[in-house]
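Chain by chain, the residues:
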Amino acid sequence: MRVHKSLILGLLVVFAMLLGACQTAAPAAAPAAAPAEATTEAAVEATTEAAPAEAAPADAAAGANLICVIVPPVENPFFGAMSEIASAKAKELGYEVLQLVHDDDANKQMELFETCIARKASAIILDNAGADASVAAVQKAKDAGIPSFLVDREITQEGVAVAQIVSNNYQGATILAEYFVEQMGEKGNYVELTGRDTDTNAHIRSQGYHDVIDEYPDLKMVAQQTANWSQTEAYGVMESILQANPDITGVIAGNDTMALGAQAALIAANRPDVIVMGFDGSDDAIQSIMKGELKATSLQPVAEMANQAAIQADGYIKNGAADKPEKQSIDMVLLTAENACQYKTFAPTGSTDPCEVVK
Amino acid sequence: MKKYMPWIVGLILVAVFLAVLPSSVTVVPIADVEAQKKSEEFDPVAYVEGIWSSELAPIVTEKAVDLSGILAAFVVDDKGKAKKEQLINVAEDNGLITVGEAHVYLVKGVGTVTAVDTESRVGTLTLQLDGYDGPITVQMYIGPRIPSDETAMRDAVGFINFGDFRDQTEYGKVASEINKRVARDVLGGLDIAALVGKQIAFYGAMGIRTFNLIDIDLSNVTIVPFEIKVLE
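In order, the protein sequences belong to chains A and B. The opening residue of the first sequence carries number 110 in the numbering used here; numbering runs sequentially from there. The opening residue of the second sequence carries number 124 in the numbering used here; numbering runs sequentially from there.
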C-alpha cells in the first residue's frame, strides 16, 4: 500500500512537471530542459537585433565621391573590359574612379578594400577573388559604411553586398553544352578544360556542361584537366592530352582563352577537325569563330553587368537604398558562326547583317 | 532500500520525461530553416517534388493564356524576326519578364500534330495550332530530353526566384529537374509516334530570350508541355 502511495506521488510529480513545462510562464519547473532552447532563442534575437543596425543606409554621401573598381588580372580581356566599362560609366555619372586589380588573391583584395575604406570611397564595384574568401572584405567595407556592388562572380553569403549582378553562367554553360552535343552528333570522345579551381564560375560552368553532356551515354570524356584560365597553359595541356588520346573529336573549355590555346595546339598538330568551344564571348574568340576555328562561345553580358553596377551604385549613393533585388542574373547568348560577327566588346554591335566565315 | 524504490522509479520517470521533453518540443529558429534550405545538400528532386502538385500545377492551369492569341499579337517580318520593344508589350500583357530579360508565358491551346521528330534526344513535335494561321511554327518538346537551358517552366510560374537559392547552380538544377519531371510524368506515358495526325489539348510554358539580342528570331516557338490530352 505504501509502495503504491509513493508511486502515485512520483507520477504526480511527473504530471506536475509536464503541466509546468507546457506553460511558458513556468520556466523554473524544468530548468534542466531550458538551456538549449534559451541559447537558440537568444541567438535569433541577437541576429534580428543586429539586422536593422546593419541595414541602415550607408553614410556614403559624406565620402570622397570616389568609386573603387576592383577586378581580377586584366590580362584576360574579360576583366579588362569589365573594369573599363564600369569605370567609364562611373565617371560619366560624376565620380572619381580608382581602378585596382586583386590578382585573384584574397589577401591582396583585402588590402585593396582597406585602401578604399581609408580613402572613404562612396562605393566599391567588385569582381571578387573567391566566393567564400571575399565575404570578409565586403563585410569590412559594409561595416565602414561603404556599399559593395558585385559583378560576374557570386559570393556565398547574402545581405553583405548591396547587389550581386552575375551573368547566368549556368544557363550560358548549358546553352553551350546543348550546342556542343548537337555539333558532336551526340557521340564521340571529348576533353574538358576547366578554369581556376578557386573561382566559383569554373565549377558552375563545368557543372552546367556535365548536366547536359552526361545525359548522352555515347559522349565520353577521356580527359578533364585545369588550364587555370590560361591560353599558354591550355596549349601545353592540349598537346599532352592529344598524344594520349588521338581519337578525340571535341574540346569544351571553361573560357575563351583556354579554348584558343587548345585550338592553337590542335591546329599545330594538324587536327583542325576537332570541335572546340569556349566561354565568355571575347573579341579574340569571335574572330576565331569567324575564321572557322572555334565553333562557339557563350557571350557574357560584361557591358551590361559593368554598367548596371555603376548605375545601381550611383542610385544607392543618392537614395540610400537599392531599387533591385540583391541577386540579379543576366542571360548569356550563344555565339556561333551564324551570329558572332554581330558582337564586339561583349555587346551587340547593332548590326543584323548575316555573318560569313572567312578562312 | 525497498521503501525508497517507488521514489526512485518516480525520479527515473521524471528524468526520462525531462530527457524526452526537449526533443519532442524542438524549437527551430527561422535562421536555421533558412540555412538548411540553402545548405550544401540542396536536393532539386525533393524541392520539385514539394511544389509540383501543390503549387506549380494549379498556377499553370489557372494562369495559362491562349497561345493562339499570344502568337497573333507578335509582329514578325518575313524572315521570322521580331522587334524587342513590341515583344515587351505582349509579354507585359500575357506573361512575365525575368531580370535576365527572358519573356516567359504559361500557355494553353488545342492543335493537330503534323510531325514528330525523334532523331535527336531533344525530340520535338510540330503543331498546327487551332485559331492561329500566322507565320510562327509551333513546336513542343517531346523528350526524352528537354534542353537544360530551357527554363521557361521554372520562370513562368513566377514564384521560383534566383534570390531564394544559394547560387546559380541550385537555381539551374531546379529548371533541369522540372524538365526531367516533364519528360517523365507528362511525356513518359505517351505513344509519341502515334501522335501524328491527332488533335491534342495542352498546357505548358514558353520562353523567349531577348537579352543582348537585336532582332529576336520568332520563326518558331517551342513549348515545354505540362499536360497533354489526346482528343481523338
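Because the hints were derived from the structure by calculation, they are not lab data. Computed from a predicted structure; not experimentally measured. Every residue gets a Cβ at the ideal spot worked out from N, C-alpha and C, and that includes glycine. A hint or two may mislead.
[Claimed, not checked] Take a look, some chain B residues computed to stay more than 10 Å from chain A by CB distance:
(1) 187
(2) 188
(3) 205
(4) 211
(5) 212
(6) 243
(7) 245
(8) 268
(9) 270
(10) 271
(11) 286
(12) 289
(13) 291
(14) 294
(15) 334
(16) 337
[Unchecked claim] Once the Cα atoms are required to be at most 27 Å apart in a straight line, the calculated BS3-like pairs of lysine-lysine come out as:
(17) A:468 to A:453
(18) B:231 to A:433
(19) A:400 to A:200
(20) B:186 to A:433
(21) A:229 to A:249
(22) B:204 to B:231
(23) B:186 to B:231
(24) B:321 to B:352
(25) A:427 to A:453
(26) A:427 to A:229
(27) A:453 to A:251
(28) A:217 to A:229
(29) A:229 to A:400
(30) B:321 to B:231
(31) B:352 to B:303
(32) B:303 to A:329
(33) A:427 to A:400
(34) A:453 to B:352
(35) A:400 to B:321
(36) A:249 to A:296
(37) B:206 to B:303
(38) B:231 to B:202
(39) A:251 to A:217
(40) B:207 to A:453
Against the structure, the hints come out as follows:
no.: 1; hint: 187; in the structure: 24 Å, holds
no.: 2; hint: 188; in the structure: 23 Å, holds
no.: 3; hint: 205; in the structure: 12 Å, holds
no.: 4; hint: 211; in the structure: 15 Å, holds
no.: 5; hint: 212; in the structure: 20 Å, holds
no.: 6; hint: 243; in the structure: 7 Å, violated
no.: 7; hint: 245; in the structure: 7 Å, violated
no.: 8; hint: 268; in the structure: 6 Å, violated
no.: 9; hint: 270; in the structure: 5 Å, violated
no.: 10; hint: 271; in the structure: 4 Å, violated
no.: 11; hint: 286; in the structure: 4 Å, violated
no.: 12; hint: 289; in the structure: 7 Å, violated
no.: 13; hint: 291; in the structure: 4 Å, violated
no.: 14; hint: 294; in the structure: 7 Å, violated
no.: 15; hint: 334; in the structure: 4 Å, violated
no.: 16; hint: 337; in the structure: 5 Å, violated
no.: 17; hint: A:468 to A:453; in the structure: 19 Å, holds
no.: 18; hint: B:231 to A:433; in the structure: 32 Å, violated
no.: 19; hint: A:400 to A:200; in the structure: 37 Å, violated
no.: 20; hint: B:186 to A:433; in the structure: 26 Å, holds
no.: 21; hint: A:229 to A:249; in the structure: 13 Å, holds
no.: 22; hint: B:204 to B:231; in the structure: 23 Å, holds
no.: 23; hint: B:186 to B:231; in the structure: 9 Å, holds
no.: 24; hint: B:321 to B:352; in the structure: 10 Å, holds
no.: 25; hint: A:427 to A:453; in the structure: 32 Å, violated
no.: 26; hint: A:427 to A:229; in the structure: 16 Å, holds
no.: 27; hint: A:453 to A:251; in the structure: 35 Å, violated
no.: 28; hint: A:217 to A:229; in the structure: 18 Å, holds
no.: 29; hint: A:229 to A:400; in the structure: 48 Å, violated
no.: 30; hint: B:321 to B:231; in the structure: 17 Å, holds
no.: 31; hint: B:352 to B:303; in the structure: 19 Å, holds
no.: 32; hint: B:303 to A:329; in the structure: 22 Å, holds
no.: 33; hint: A:427 to A:400; in the structure: 47 Å, violated
no.: 34; hint: A:453 to B:352; in the structure: 46 Å, violated
no.: 35; hint: A:400 to B:321; in the structure: 46 Å, violated
no.: 36; hint: A:249 to A:296; in the structure: 50 Å, violated
no.: 37; hint: B:206 to B:303; in the structure: 32 Å, violated
no.: 38; hint: B:231 to B:202; in the structure: 26 Å, holds
no.: 39; hint: A:251 to A:217; in the structure: 18 Å, holds
no.: 40; hint: B:207 to A:453; in the structure: 20 Å, holds
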